[in-house]
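Student: The listed protein sequences correspond, in order, to chains A and B.
Going by my numbering, the first sequence opens with residue 1, and the numbers climb by one from there.
Going by my numbering, the second sequence opens with residue 1, and the numbers climb by one from there.
Just so you know, the hints here were simulated from the structure itself, not pulled from any lab data.
Misleading hints may appear alongside valid ones.
[Claimed, not checked] Calculated cross-link-like contacts (lysine-lysine; reagent style BS3-like; alpha-carbon spacing at most 30 Å): (1) K93(B) - K43(A); (2) K320(B) - K291(B); (3) K111(A) - K93(B); (4) K52(A) - K234(B); (5) K111(A) - K68(B); (6) K82(A) - K93(B); (7) K231(B) - K323(B); (8) K312(B) - K338(B); (9) K234(B) - K82(A); (10) K97(B) - K111(A); (11) K135(B) - K97(B); (12) K238(B) - K12(B); (13) K97(B) - K82(A); (14) K178(B) - K43(A); (15) K82(A) - K178(B); (16) K135(B) - K146(B); (17) K150(B) - K55(A); (18) K19(B) - K234(B); (19) K84(A) - K97(B); (20) K84(A) - K338(B); (21) K55(A) - K97(B); (22) K93(B) - K55(A); (23) K93(B) - K52(A); (24) K193(B) - K84(A); (25) K193(B) - K111(A).
[As the list claims (entries may be wrong)] Just a few of them, taken from the derived set where beta-carbon distance is under 8 Å, the chain A residues facing chain B: (26) T28; (27) F32; (28) D35; (29) A59; (30) Q63; (31) F75; (32) D102.
A quick note: this is a predicted structure, and the numbers were derived from the prediction, not measured.
All C-beta atoms, glycine included, are put in the ideal place defined by N, C-alpha and C.
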Amino acid sequence: MKRSWLKKIIGGLSLTSAMFVFQACYGTPQDFGLDLLIEGQVKAKTTGLPIKGIKVSVAQNMQYQITDENGNFSFYTEMMDKVKLEFADVDSVQNGTYANRDTVLTDLSEKVYLNILLENK
Amino acid sequence: MLLRLKKFVFRKFKNSAIKHHELNYLFWECTTRCNLNCLHCGSDCSKSSSFQDMPMADFLNAIDTIEKPSQNLMVVFTGGEPLLRNDIEVCGKELRKRGIKWSIVSNGHLYSEQRHNSLLNAGMGALTISLDGLKDSHNWLRNKEKSFDKVISAVELAATSNRLNFDVVTCVNQRNLKELSQLRELLIRRGVKAWRLFTIIPIGRAVKNSELLLTDRQFLELMNFIAECRKSNKINVKFSCEGYVGRYEPLVRDSYFFCRAGINIGSVLIDGSISACPNIDRSFSQGNIYKDKLYEVWQNKFEPFRNRQWNKVGQCKTCKEYKDCQGNGFHNWNGDMKNVFVCHNKKIENSRKYLN
């Protein structure tokens with residue numbers, strides 16, 4: 001519903017902007033949504049070493065990513081007023097055992113970089 | 001009077017858009033491999049699977065010829081079935097690094113929860129999935145048992161994302177025409193916000209199967225169905241931009257008909273050809289990324305797309321609607337180019353005459 005109003009407003013602003021409100025017959029709709037890129041690295045608080053296998057997920061959303069061997073993660077997600085990220089050790093004892101942690105991001109711009117430290121369990 | 005004024009203003013706007021011809025919608029026919037064998041194959045996509053997938057690096061090299069991509073430029077991955085490629089996400093991320101948005105047209109068969117997640121992570125912003133009727137008629141057109149169940153699962157997944165601008169498309173044919181009301185209810189129940197209907201034009205395999213094509217009266221029925229649906233806000237139903245529909249223009253779409261092929265829409269086809277929509281006759285190719293710079297071709301060629309006076313032939317020659325229609329959707333021109341393949345407006349007027 002919100003998107004439908006947005007389209008109408010964009011389409012009504014001027015002939016120039018109306019130019020962009022279209023889709024090809026066999027194509028997809030245009031992408032009007034705003035998103036943000038969240039990147040970062042997860043490390044162990046005690047050793048400072050990167051942690052592989054941590055599930056980084058957006059609360060109340062299906063999206064997640066698992067950190068790579070350098071503890072890195074990078075994904076786009078929907079832009080909201082605030083985004084709650086959950087860091088969870090989901091691979092049991094493999095790669096160590098760490099306590100879960102949540103982080104709430106506010107005042108978001110298009111790109112965010114996070115350094116996350118997890119404590120040992 | 002108001003309608004005339006609106007049409008006049010819209011014509012002015014079209015002329016301005018043609019003059020500026022900003023590239024803001026680029027199809028990439030990234031594969032012609034497909035996991036289905038649809039009855040209408042070749043009508044809206046290439047039916048040849050003899051080509052190798054184009055390497056991602058070749059496509060990105062072509063993209064990099066665009067000096068300042070428009071803020072609205074979007075790459076649309078199409079096929080074949082794009083999800084057969086495993087590097088869509090990598091390519092999508094590369095596009096986002098360049099400030100370019102991207103989307104996918106899919107038959108939904110490979111759209112699993114895992115793939116949904118990885119595509120969103122890579123910055124996909126829009127998605128179209130095909131659903132061609134209730135169970136039996138969908139499976140018939142897609143020529144595969146259980147296709148319906150897979151597509152419904154994909155539709156449900158896609159509908160969970162607020163980030164995605166997602167719609168369902170339906171190829172309307174003689175088998176599913178009477179099911180459209182039920183299909184609409186089904187989509188609403190599954191959380192779908194937008195539904196686009198189009199018809200099948202008689203090219204590819206569709207030539208030999210008259211059940212795929214709507215009669216003039218059935219086409220009018222479709223227009224009336226869409227116009228009626230648009231009175232409600234439950235789901236945004238519209239007719240695709242495949243053709244000019246005369247008196248139904250303000251009733252079945254958000255804006256008037258404007259075929260933007262070669263004006264705002266370009267494509268890189270499987271063999272590197274540079275054209276507009278992938279369903280356009282391949283003889284209209286304007287260059288090839290393996291010989292030419294994509295953006296130079298876009299800026300300096302595309303004359304037949306931007307000046308369509310050449311198609312004022314056959315029934316279009318004396319048609320009073322030409323200035324608003326300009327020869328219908330570009331993909332309706334193929335073969336000897338002596339006449340438009342399908343005139344949607346004529347179908348409407350024919351059946352109205354019959355009913356009167």
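Student: State for each hint whether it applies.
Tutor: How the hints compare with the structure:
1. Between K93(B) and K43(A) the alpha-carbon distance is near 24 Å, which keeps this suggested pair within the 30 Å criterion.
2. Of the supplied pair hints, the one linking K320(B) and K291(B) is violated, its CA atoms being roughly 42 Å apart against a limit of 30 Å.
3. The suggested pairing of K111(A) with K93(B) holds, with an alpha-carbon distance near 14 Å, which does not exceed 30 Å.
4. As the CA atoms of K52(A) and K234(B) are separated by approximately 45 Å, the hinted pair breaks the 30 Å bound.
5. Restraint check: the Cα-Cα separation between K111(A) and K68(B) comes to about 21 Å, which is no more than 30 Å; the hinted pair holds.
6. Taking the CA atoms of K82(A) and K93(B), the gap is about 23 Å. The hint holds against a cut of 30 Å.
7. For the hint linking K231(B) to K323(B), the alpha-carbon distance of about 28 Å falls within 30 Å, and the restraint holds.
8. In summary, the hint linking K312(B) to K338(B) is supported, as the alpha carbons are separated by about 9 Å, within the 30 Å threshold.
9. Between K234(B) and K82(A) the CA atoms are separated by roughly 29 Å; this keeps the pair inside 30 Å, and the hint holds.
10. Note on K97(B) and K111(A): the hinted pairing holds, with a Cα-Cα distance of about 11 Å set against a maximum of 30 Å.
11. Between K135(B) and K97(B) the CA atoms are separated by roughly 41 Å; this puts the pair beyond 30 Å, and the hint is violated.
12. Restraint check for K238(B) and K12(B): satisfied, since their Cα atoms lie roughly 24 Å apart, inside the 30 Å limit.
13. Using a Cα cut-off of 30 Å, the hinted pair K97(B) and K82(A) holds, with the two alpha carbons roughly 23 Å apart.
14. Between K178(B) and K43(A) the alpha-carbon distance is near 59 Å, which puts this suggested pair outside the 30 Å criterion.
15. For the proposed pair K82(A) and K178(B), the alpha carbon gap of about 46 Å is over 30 Å, so the pair is violated.
16. Proposed proximity of K135(B) and K146(B) is supported: the alpha carbons are some 8 Å apart, at most 30 Å.
17. The hinted pair formed by K150(B) and K55(A) meets the criterion: a straight-line CA distance of about 28 Å does not exceed 30 Å.
18. A C-alpha spacing of about 38 Å is found between K19(B) and K234(B), which places the hinted pair above 30 Å, so the restraint is violated.
19. Straight-line distance between C-alpha atoms of K84(A) and K97(B) comes to about 24 Å, which keeps the hinted pair within the 30 Å bound.
20. Under the criterion of a C-alpha separation no larger than 30 Å, the hint pairing K84(A) with K338(B) is inconsistent with the structure, at around 60 Å.
21. Using a Cα cut-off of 30 Å, the hinted pair K55(A) and K97(B) holds, with the two alpha carbons roughly 24 Å apart.
22. Simply put, K93(B) and K55(A) have alpha-carbon atoms about 20 Å apart, close enough for the 30 Å limit, and the pair holds.
23. This hinted pair checks out: K93(B) and K52(A) have alpha carbons roughly 22 Å apart, not beyond 30 Å.
24. Restraint check for K193(B) and K84(A): satisfied, since their Cα atoms lie roughly 26 Å apart, inside the 30 Å limit.
25. The straight-line distance between the Cα atoms of K193(B) and K111(A) is roughly 28 Å, inside the 30 Å bound, and the hint therefore holds.
26. Hint status for T28(A) relative to chain B: holds, with the closest Cβ pair at about 4 Å, below 8 Å.
27. Hint on F32(A) holds. Least Cβ distance to chain B is approximately 6 Å, under the 8 Å limit.
28. Below 8 Å, beta-carbon pairs count as interface contacts, and D35(A) has one with chain B at about 6 Å; its hint therefore holds.
29. For A59(A), the suggested interface contact is broken, since its CB lies about 14 Å from the closest CB of chain B, more than 8 Å.
30. Interface hint status for Q63(A): upheld, as the beta-carbon distance to the closest one in chain B is roughly 6 Å, under 8 Å.
31. A least Cβ separation of about 4 Å between F75(A) and chain B falls short of the 8 Å threshold, and the interface hint therefore holds.
32. Hint status for D102(A) relative to chain B: violated, with the closest Cβ pair at about 19 Å, above 8 Å.
In summary, the structure is inconsistent with hints 2, 4, 11, 14, 15, 18, 20, 29 and 32 from the numbered list given earlier, while agreeing with the others.
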